[in-house]
Amino acid sequence: MDNSGILPRGALQSLLDALTDRGYRTIGPQVRDNAIQYLDLADVGQLPAGWTDDQAPGSYRLSRVESPRCFAWATGPQALKPYLFCSREVLWRAERDATGKLDFSTSQTNGAPVAIIGARACDLAALALQDRHFLGAIRDPYYDARRDTLFIVALHCAFPADTCFCASTGDGPRAKQGFDLALSELDEGFLVEVGTERGAAVAAQLPLQPSRPEQHRQAEQEIEEAAHQQFRQLPSRDLQSALFARLEHPRWDAVAARCLSCGNCTSVCPTCFCHAEQDVPALGGARTEHVREWDSCFSVGHSHLHGFVVRPETRHRYRQWLTHKLGSWHTQYGRSGCVGCGRCITWCPVGIDITEEATAITGDNWEPRGSA
Amino acid sequence: MQRPHIAVHKFSSCDGCQLAFLNAGEDLLELAQLVDIRHFLEAGIADEYAQVDIAFVEGSISTSEELTRIQRVRANSRFVVTLGACATAGGLQALRNLDDSNEAWKHAVYAQPEFIQTLDQAEPVSAHIEVDFELWGCPVNGQQVLAAVQQLLFGVTPLDPRDKVCMECKRQHAVCVMVTEGRPCMGPVTRTGCGALCPRFGRDCYACFGPAENLNTDAMSQRLQGLGLPPSDIARRFLFINSHAPAFHAAGRPFYREGFADD
Ligand code: SF4
Ligand code: SF4
Ligand code: SF4
Ligand code: SF4
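Sequence order for the protein chains is A and B.
Under my numbering, think of the first position of the first sequence as 1, with each following residue one higher.
Under my numbering, think of the first position of the second sequence as 1, with each following residue one higher.
Looking at chain A on its own, in the form it has when it is part of the complex (with noise of 0.2 Å):
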């Protein structure tokens, strides 16, 4: 990667700038509603500048702290999955003319082009992982619309919480792929680094000045320091493997007694692309909408076949959730699915731990009654 320089901090508005006159629909991060959320920024004056988050098992709460920093946080309760793989839209619509004929159109995809600001490393492991989902080989056409035009301006992370642990799934805390210019934040400004050629074009118009090497040591070092600041980890054995050969184990029972089966976590998840499609007629029949629509493996319409419920109690969706993402993804994508944000642990209701979870079911000799 190509290393560009510093952008002082009272500069970053033309970064906004650069990207809004190329046409781009400018997101980033804001305080809104009690949480950091990913919204239209028109303004540098609008990120989180001086706010923290604190994290734990089903808690999430902000704070104020003396800093000049904008990123001083981690994750928030979603960021760039909402833009790419929207959690409802009209896929076509269909209309009954005067004599009966029925007339199909596919719904617009072609709005603005969207530019993330501060997407972080799990993040961006997350989109790579829903690239493989939605542009393998069936594309979808929705997605791929919205993907084609994204131009992404990551963040080295340096704030995780308590419940992140993309360090032990090798996905974070620095970003290491698929963004267009990447970010340092330092007290005094931004070290920029370019991924891309659309990157570099950006970057050309940037007031940006020398970094000093102490500076970018300064950048590796806190990096350093909020990987080995984070506790939690997943087991590192063969997860696949484990999980399956226990799908009888006691845990499931204890897990499923304080699960709500409320789908928090699998909307949260940056990588979960489970969706449901029903059609939506308007009054008279003569116009429908056929929409998609986030769905999760704790919903009673996820296992749902004609006329039966595959997975009808809590234990077999949990189970369902734990086996497909730590293991079967293994198969289908290439990789676990899960990439260490912590989302799903933070936003449970009820606190439940994955990586507690995966450790109890996988961490121990359990074996299947009889089987000894």
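Because the hints were derived from the structure by calculation, they are not lab data.
Some hints could be false.
[Said to hold, decoys possible] These stretches of chain B come out as covered by chain A in the derived footprint (C-beta under 8 Å, 3 or more residues):
hint, stretch
1, 74-88
2, 179-185
3, 210-221
[Unchecked claim] Just so you have them, the derived chain B footprint on chain A, three or more residues with Cβ under 8 Å:
hint, stretch
4, 232-238
5, 285-294
Ideal Cβ placement from N, Cα and C applies to all residues, glycine included.
Given the structure of chain A, go ahead and fit chain B with the ligands onto it with the hints provided.
Chain B with the ligands only, in chain A's frame:
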């Protein structure tokens, strides 16, 4: 082809669900082209005895007169659809069933209680007649009502969304008020349908759409206790709007003391 006939009947209720129907605005005008509305007092159409294809029923059954009337509605209608929490799960009135306090309330509220003729229990419509489809909510959501009508007009069983409010809360990009503020949100046990209305406005869901499928009320109660709610408040959370719904009744009853008092 003759347009299907519909009726909207009112029992013990606040009329809010009928209003949700009326508030559907333009859609309601379109509906009026598709069906023949034979009885709908809030809309000024009265023919109580009309034979109809679909009867919507608002309100619980809480007087002996209503008991007779609901039988007649059943006899005069091809499909009976309950409209909202009162008709579907007894509603607020059913709170008096919790400690058989009908007589006590009557005497506390009315100057001449001898003129008030109520049944001991206020019950959902399904306690007395066969119901074909139930629409939850206090009040119902107009879109949900129109969607059910449309599906009945197509001749199919209406969709019955039973997921948790949380699923929709996340689709709407509302921030979880339980996780960020420790509010006692009932979304994880409550049936979807409202569009996650309360969390979208920074409030905790109070379960007006009734129990979701595969709900874990034990884990929910434990979480509410963990948030510091006293037993009376846990009882209120489950019993407030839908106390007659079996899952909520079973969850809230152990925390309930007469008058929602704490021990
Ligand atoms: S499983 Fe949990 S920690 Fe892993 S990527 Fe998904 S939300 Fe993040
Ligand atoms: S693990 Fe937590 S977030 Fe996921 S379904 Fe269970 S209770 Fe909900
Ligand atoms: S705010 Fe309530 S409904 Fe929304 S996710 Fe949290 S618990 Fe569920
Ligand atoms: S969020 Fe809960 S209480 Fe509020 S309208 Fe929806 S179901 Fe009713």
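Results of checking the hints against the structure:
{"no.": "1", "hint": "74-88", "result": "violated (count 0)"}
{"no.": "2", "hint": "179-185", "result": "holds (count 5)"}
{"no.": "3", "hint": "210-221", "result": "holds (count 7)"}
{"no.": "4", "hint": "232-238", "result": "violated (count 0)"}
{"no.": "5", "hint": "285-294", "result": "holds (count 3)"}
In summary, the structure is inconsistent with hints 1, 4 from the numbered list given earlier, while agreeing with the others.
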